[in-house]
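Q: Make a model of the complete structure from these sequences and hints.
Each residue of the sequence shown is one higher than the last, beginning at 1 in the working numbering.
Be aware that one or more of the hints could be misleading.
[As the list claims (entries may be wrong)] Only pairs whose alpha carbons sit at most 16 Å apart, straight line, appear in this in silico EDC-like list of lysine to aspartate or glutamate:
(1) K104 <-> E92
(2) K106 <-> E87
(3) K104 <-> E87
(4) K104 <-> E79
(5) K104 <-> D81
(6) K104 <-> D83
(7) K106 <-> D81
(8) K106 <-> D83
(9) K60 <-> E79
(10) K106 <-> E79
By construction, these hints were calculated from the structure, which means they are not laboratory data.
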Amino acid sequence: AVLYLALHFITVLNTELPSPEAHLLFVLVLDTYYIDSARLKSQAFQTLQHVKSVSEATSKVALMTVQRSFSYLCSAVLEVDPDFRIENSCPELPAMLGRVSDTKGKNLSDYVFPEDVEVLNRF
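A: This is the structure:
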């Protein structure tokens with residue numbers, strides 16, 4: 001509100017108009033512009049929030065769909081971070097690897113043959 005009043009009075013005081021009617025018309029047009037700009041800014045912000053929420057929901061659905069597809073097609077599926085630490089895996093993975101403990105948080109290279117570690121690191 002303070003910014004609006006400051007812009008309003010600075011703009012109005014710096015204009016030289018020929019008559020009081022023109023001055024009043026200028027003030028009304030300027031006020032309409034400021035009010036409409038504030039409304040459009042609010043709508044744009046709400047639209048961006050909506051687009052973000054739709055994008056997040058779509059990403060979740062896409063990830064779940066890919067995970068389901070892989071679980072049908074593959075014996076074991078796991079997710080790793082950029083350092084090849086296992087973030088998420090199927091419950092059967094430890095048994096498939098002959099391990100008793102959970103694989104979450106462990107480095108994937110610990111489960112790869114030594115000669116294949118270099119190939120893994122290229123990814």
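Q: Now, for every hint given, state plainly whether the structure supports it.
A: We went through each hint and held it up to the structure:
1. K104 <-> E92: Given that 16 Å is the threshold and the Cα spacing comes to 12 Å, the pair holds.
2. K106 <-> E87: 8 Å, holds
3. K104 <-> E87: Holds - the C-alpha atoms of E87 and K104 are around 6 Å apart, at most 16 Å.
4. K104 <-> E79: Cα-Cα ~9 Å, so holds.
5. K104 <-> D81: 11 Å, holds
6. K104 <-> D83: At roughly 13 Å apart (the allowed maximum being 16 Å), D83 and K104 satisfy the hint.
7. K106 <-> D81: 11 Å, holds
8. K106 <-> D83: Measuring from Cα to Cα gives roughly 10 Å; hence the hint holds.
9. K60 <-> E79: 15 Å, holds
10. K106 <-> E79: 11 Å, holds
Comparing the model with each earlier hint shows no violations; every hint is respected.
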